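Protein chains: 2
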Amino acid sequence: MSMNLIAELTAIVGDKGILTGEDVSQRQDGWIGAPACSAQAIVRPADTAELSAVMKLCYEQDQTIVVHGGLTGLVNGARTTSNDIVISLERMRNIVEIDAQNRTMTVQSGVNLQTVQEKAEDEGLYYPVDLGARGTATIGGTIATNAGGNRVLRYGMTRDSILGLEAVLADGTIISSMSKVLKNNTGYNLPHLFIGAEGTLGIVTQAVLRLRAKPLGGATALVAVEDFESLSKLLNLAESGLGGGLSSFEVMWHSFYDLVTGTERHRAPIPAQSAYYVIIETQGNSNEQEQERLEMLLGDALEQELISDAVLTQSDSEREKIWAIRDDVEALFELAPIHGFDVSLPISAMESYVEKLQAGLDARWPDNRLIVFGHLGDGNLHVIVTQVPASDKKGVEELVYGGLNGLGGSISAEHGIGLDKKPYLQNSRSPAEIALMKQIKQTMDPKGLLNPGKVLS
Amino acid sequence: MSMNLIAELTAIVGDKGILTGEDVSQRQDGWIGAPACSAQAIVRPADTAELSAVMKLCYEQDQTIVVHGGLTGLVNGARTTSNDIVISLERMRNIVEIDAQNRTMTVQSGVNLQTVQEKAEDEGLYYPVDLGARGTATIGGTIATNAGGNRVLRYGMTRDSILGLEAVLADGTIISSMSKVLKNNTGYNLPHLFIGAEGTLGIVTQAVLRLRAKPLGGATALVAVEDFESLSKLLNLAESGLGGGLSSFEVMWHSFYDLVTGTERHRAPIPAQSAYYVIIETQGNSNEQEQERLEMLLGDALEQELISDAVLTQSDSEREKIWAIRDDVEALFELAPIHGFDVSLPISAMESYVEKLQAGLDARWPDNRLIVFGHLGDGNLHVIVTQVPASDKKGVEELVYGGLNGLGGSISAEHGIGLDKKPYLQNSRSPAEIALMKQIKQTMDPKGLLNPGKVLS
Ligand SMILES: Cc1cc2nc3c(=O)[nH]c(=O)nc-3n(C[C@H](O)[C@H](O)[C@H](O)COP(=O)(O)OP(=O)(O)OC[C@H]3O[C@@H](n4cnc5c(N)ncnc54)[C@H](O)[C@@H]3O)c2cc1C
Ligand SMILES: Cc1cc2nc3c(=O)[nH]c(=O)nc-3n(C[C@H](O)[C@H](O)[C@H](O)COP(=O)(O)OP(=O)(O)OC[C@H]3O[C@@H](n4cnc5c(N)ncnc54)[C@H](O)[C@@H]3O)c2cc1C
Numbered sequence: 001m002s003m004n005l006i007a008e009l010t011a012i013v014g015d016k017g018i019l020t021g022e023d024v025s026q027r028q029d030g031w032i033g034a035p036a037c038s039a040q041a042i043v044r045p046a047d048t049a050e051l052s053a054v055m056k057l058c059y060e061q062d063q064t065i066v067v068h069g070g071l072t073g074l075v076n077g078a079r080t081t082s083n084d085i086v087i088s089l090e091r092m093r094n095i096v097e098i099d100a101q102n103r104t105m106t107v108q109s110g111v112n113l114q115t116v117q118e119k120a121e122d123e124g125l126y127y128p129v130d131l132g133a134r135g136t137a138t139i140g141g142t143i144a145t146n147a148g149g150n151r152v153l154r155y156g157m158t159r160d161s162i163l164g165l166e167a168v169l170a171d172g173t174i175i176s177s178m179s180k181v182l183k184n185n186t187g188y189n190l191p192h193l194f195i196g197a198e199g200t201l202g203i204v205t206q207a208v209l210r211l212r213a214k215p216l217g218g219a220t221a222l223v224a225v226e227d228f229e230s231l232s233k234l235l236n237l238a239e240s241g242l243g244g245g246l247s248s249f250e251v252m253w254h255s256f257y258d259l260v261t262g263t264e265r266h267r268a269p270i271p272a273q274s275a276y277y278v279i280i281e282t283q284g285n286s287n288e289q290e291q292e293r294l295e296m297l298l299g300d301a302l303e304q305e306l307i308s309d310a311v312l313t314q315s316d317s318e319r320e321k322i323w324a325i326r327d328d329v330e331a332l333f334e335l336a337p338i339h340g341f342d343v344s345l346p347i348s349a350m351e352s353y354v355e356k357l358q359a360g361l362d363a364r365w366p367d368n369r370l371i372v373f374g375h376l377g378d379g380n381l382h383v384i385v386t387q388v389p390a391s392d393k394k395g396v397e398e399l400v401y402g403g404l405n406g407l408g409g410s411i412s413a414e415h416g417i418g419l420d421k422k423p424y425l426q427n428s429r430s431p432a433e434i435a436l437m438k439q440i441k442q443t444m445d446p447k448g449l450l451n452p453g454k455v456l457s
Numbered sequence: 001m002s003m004n005l006i007a008e009l010t011a012i013v014g015d016k017g018i019l020t021g022e023d024v025s026q027r028q029d030g031w032i033g034a035p036a037c038s039a040q041a042i043v044r045p046a047d048t049a050e051l052s053a054v055m056k057l058c059y060e061q062d063q064t065i066v067v068h069g070g071l072t073g074l075v076n077g078a079r080t081t082s083n084d085i086v087i088s089l090e091r092m093r094n095i096v097e098i099d100a101q102n103r104t105m106t107v108q109s110g111v112n113l114q115t116v117q118e119k120a121e122d123e124g125l126y127y128p129v130d131l132g133a134r135g136t137a138t139i140g141g142t143i144a145t146n147a148g149g150n151r152v153l154r155y156g157m158t159r160d161s162i163l164g165l166e167a168v169l170a171d172g173t174i175i176s177s178m179s180k181v182l183k184n185n186t187g188y189n190l191p192h193l194f195i196g197a198e199g200t201l202g203i204v205t206q207a208v209l210r211l212r213a214k215p216l217g218g219a220t221a222l223v224a225v226e227d228f229e230s231l232s233k234l235l236n237l238a239e240s241g242l243g244g245g246l247s248s249f250e251v252m253w254h255s256f257y258d259l260v261t262g263t264e265r266h267r268a269p270i271p272a273q274s275a276y277y278v279i280i281e282t283q284g285n286s287n288e289q290e291q292e293r294l295e296m297l298l299g300d301a302l303e304q305e306l307i308s309d310a311v312l313t314q315s316d317s318e319r320e321k322i323w324a325i326r327d328d329v330e331a332l333f334e335l336a337p338i339h340g341f342d343v344s345l346p347i348s349a350m351e352s353y354v355e356k357l358q359a360g361l362d363a364r365w366p367d368n369r370l371i372v373f374g375h376l377g378d379g380n381l382h383v384i385v386t387q388v389p390a391s392d393k394k395g396v397e398e399l400v401y402g403g404l405n406g407l408g409g410s411i412s413a414e415h416g417i418g419l420d421k422k423p424y425l426q427n428s429r430s431p432a433e434i435a436l437m438k439q440i441k442q443t444m445d446p447k448g449l450l451n452p453g454k455v456l457s
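These protein sequence lines map, in sequence, to chains A and B.
Each residue of the first sequence is one higher than the one before, starting from 1 at the first, in my numbering.
Each residue of the second sequence is one higher than the one before, starting from 1 at the first, in my numbering.
Derived from the structure by calculation, the hints contain no laboratory data.
Careful: at least some of the hints might be erroneous.
Note that the list lumps identical chains together, so a pair holds whenever it fits in one copy or between two copies.
[To be verified] Here are the computed lysine to aspartate or glutamate pairs in the EDC-like style, where the Cα-Cα straight-line distance is at most 20 Å:
1) Lys-233 <-> Glu-123
2) Lys-441 <-> Glu-90
3) Lys-438 <-> Asp-171
4) Lys-441 <-> Glu-264
5) Lys-214 <-> Asp-300
6) Lys-422 <-> Glu-398
7) Lys-56 <-> Asp-328
8) Lys-233 <-> Glu-121
9) Lys-214 <-> Asp-328
10) Lys-321 <-> Asp-258
11) Lys-321 <-> Glu-226
12) Lys-447 <-> Glu-121
13) Lys-356 <-> Asp-171
14) Lys-16 <-> Glu-398
15) Lys-438 <-> Glu-305
In this text, all values refer to a predicted model and were calculated from it rather than measured experimentally.
Bound-form chain A, shown alone:
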């Protein structure tokens, strides 16, 4: 990259809009543990028009670009090389409009998730996408990765909360599809092209978010289940028994519950002797009503012998204690080095998948420890393998991903492909699908300037 380009970029975004030298290398290229940013410059446009001018210039000069949102992505999707410049959305954080009557919020994509959630609640409304990194992850990043999180069962992925979207293409063209309505069958749905594309097809600059009614109450239970069949029947019972109210159905395998409740940080609300533990949460009109509905459900489940034990929480602090068990990543980190995965598969295939995986691990690494938990209702399992050397990464990946073949699931439920999962993309997508993806990439980014080397080779 020429000094000339830096000067031209500065002419567009002003001095405040560009960082170089140490200001760049002091930043990281991703979440905790990522290396320093090695890009030539970080460009921070103030608005879509500036960004468009920047992109046009880069296009003319064949300059590659990597977008940085909150850098909480978990697949090394935001990594740079010294050939790249970074576009950071950090100065594009406006809440453009909150339309309470239509339940939409229009935002620039640099705003973070928590701000959106809070602004919605201020209006008595609700933005349902939620994940641990809420304070840092940007709306643009959650769109680019189609983030999932804690309430997918009820509200869907980020994709399901986006009504409209504005993006800038590689050549600077602004694609404004800022629809504010649920229903818009007028030609190809362009927003869905950019959602989940991890910054390889365009830069998301604004979005119209769909807000929901704020749940006025809820109820939470922890239950113990002795076999997998009961687990899956319990999910069906909860889906129908709680009407539309079921918002979480989080399962911890014995291995996970045992580990976490074995630390000093927690007390086991139910003894750690069952095969599975499930957090069931429902959202609705009032705490009393939801409590009642959940109690009825647990009664039915006991009667049908689907559960062997249950605790219905009676206060926020009891609720938080139960979630703290599920959310205790620290307990996992203590087992480092760990091999962590985020896969999806049909619920009917889960039991045998986990059994086969355990057998495969045992055959090669007799000391291994396999820890499983996840959003069962979404078909999403987090699989953690420890007591296997870090250098055997590839062997573990092959077992975890290989076992998914032919099940109709996926090697990445939530986190995307980025750099990390690129070698395994063909485990989830056929050669014809990959060829079509490459055609689309070629059409929309003919010079290959957007997030080069990510997702597709």
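Assemble chain B with the ligands onto chain A, guided by the hints.
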């Protein structure tokens, strides 16, 4: 088209797989009122492999293709010329698999919607997409048009019920994205490209449908509302007050209710003297519970003076009588010639949109009659204009569509573009969006063989 091609097609699909001559011209090119099919042949492949071979052959010979599903589309999307051949999915009607545990159904795309609904209910499950043409519309057609219908508010459009999809491209390539899971963040989401593309990017051959828990009960009310602001507040109250249960919020303007209840077919459950009438329906665990929740809601709404009258139905037959008012298309047809529209716009803009439209119509056609009703909760209005000559179609279209400019809504909420709405596509989509759509079309169908002249010029 050469006789040679017919012979080659017959070699692929067999005698049963192809219709020519009168067998073609006796069929129609669309819903009631459409002209006779003018294609050279109707090819009826038995499976995806046959269809792929047909497409490959047509690609080599530059043969244009129009897909026929149930022919219930409402925008002349399935119209043929004598240059085309038709691909009909009528022999591809297998239910490939019902997986009750994962709540998925895998079907060939020629199966009709009602069959899918019934097969799901047989398993105690539920396919929520529903529309009047359920007995004839095919799953492939509902996918190609991203059909909406009666329960979008709660379950979304067809798009939201598709987990996986198989399609055949113009050159015969089979794209199999038959995911069975909710979460699959592995590269570009190809199913969303084909959903709503009206057969211009590929032919949908199979799909994995997402089934839901079957609602075990419900409740229905008809209420009267005196002003638009109360209407919109009532919607918010219903959304939060009924938890996830609200499944319909259908509004009839006075003009509609007055017309329909004025016929001999109906008795007005509430006198026809209010500004708006709303059907509120909720689905949940049991009739009693839902009845109770809805009763509470109506109580709150009365107290807040949002409604002036209400009837809570006490039986299926009372419920059916109320829906029969909403569904009485016959009453509209009696006013022929009519100009009918299906638009979407933010709820906050609806009142002034309708007022301006009325003023515009009055200025030009003093005798006009404007009748409005729709899925208010989805931002979707059906607008019917009568007592304006059929020859003034263009003038009416310009008023109806012109009024939408700048509102973030759309000229086609549910029905798509086809041939009929193509002249107005630019009212809802910018030149940059249309250019990008054309690029995608060009990439995926470089010879322009798929549904030529539909959606895009
Ligand atoms: C503690 C923690 C918990 C998490 N929990 C979950 C979870 O439950 N579910 C889940 O799905 N994920 C989870 N994640 C992953 C992460 O939070 C999400 O992927 C998040 O959506 C990324 O947002 P970001 O702004 O940090 O994006 P970044 O990390 O900055 O970028 C992610 C990718 O998107 C691209 N990108 C960013 N912004 C844009 C834009 N405006 N336009 C185009 N491309 C862009 C980047 O180039 C990169 O490829 C978690 C992460 C952490 C650290
Ligand atoms: C009485 C009535 C009520 C209706 N109510 C509603 C409603 O409430 N909501 C709503 O959204 N619509 C409604 N519609 C419209 C219509 O039912 C839907 O558009 C339906 O989804 C079309 O399905 P079909 O099989 O009849 O498709 P067709 O009419 O055969 O085809 C429609 C379009 O899709 C293409 N196509 C069909 N099958 C395929 C395939 N397998 N692959 C690729 N392209 C294909 C065709 O080429 C055409 O362009 C209604 C129609 C009627 C007649």
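Going down the list of hints, with the structure as the test:
Taking the shortest alpha-carbon separations for Lys-233 and Glu-123, only the inter-copy value of 13 Å comes in at or below 20 Å, while the best intra-copy value is 38 Å. Taking CA atoms no more than 20 Å apart as the test, Lys-441 paired with Glu-90 passes in neither setting, with 26 Å inside one copy and 35 Å between copies. For the homomeric pair Lys-438 and Asp-171, the shortest alpha-carbon distances inside one copy (18 Å) and between copies (16 Å) are both at most 20 Å. Taking identical chains as interchangeable, the C-alpha atoms of Lys-441 and Glu-264 are never at most 20 Å apart, the minima being 50 Å within one chain and 59 Å between chains.
In this assembly of identical chains, Lys-214 and Asp-300 lie within 20 Å of each other by CA distance solely across copies; the values are 17 Å between and 28 Å within a copy. In the homo-oligomer, the alpha carbons of Lys-422 and Glu-398 lie at most 20 Å apart inside one protomer (13 Å), although the nearest pairing across protomers, at 50 Å, exceeds that limit. When the C-alpha separation of Lys-56 and Asp-328 is checked against a cutoff of 20 Å, the pair qualifies neither within a copy, at 45 Å, nor between copies, at 54 Å. Within a single copy, Lys-233 and Glu-121 get their C-alpha atoms only as close as 35 Å, which misses the 20 Å cut-off; across copies the closest is 17 Å, which meets it.
Within a single copy, Lys-214 and Asp-328 get their C-alpha atoms no closer than 27 Å, and across copies no closer than 35 Å, so neither meets the 20 Å cut-off. Proximity of Lys-321 to Asp-258 under the C-alpha cut-off of 20 Å is restricted to the intra-copy arrangement: shortest distance 15 Å within a copy versus 57 Å between copies. Neither within a single protomer nor between protomers do Lys-321 and Glu-226 lie at most 20 Å apart by alpha-carbon distance, with minima of 22 Å and 48 Å respectively. In this homomeric assembly, Lys-447 and Glu-121 never come within 20 Å of each other (Cα to Cα): the closest approach is 43 Å inside a single copy and 51 Å across copies.
Proximity of Lys-356 and Asp-171 under a CA criterion of 20 Å is satisfied in neither setting, with 48 Å inside one chain copy and 40 Å between copies. Within a single copy, Lys-16 and Glu-398 get their C-alpha atoms no closer than 47 Å, and across copies no closer than 47 Å, so neither meets the 20 Å cut-off. When the C-alpha separation of Lys-438 and Glu-305 is checked against a cutoff of 20 Å, the pair qualifies neither within a copy, at 51 Å, nor between copies, at 57 Å.
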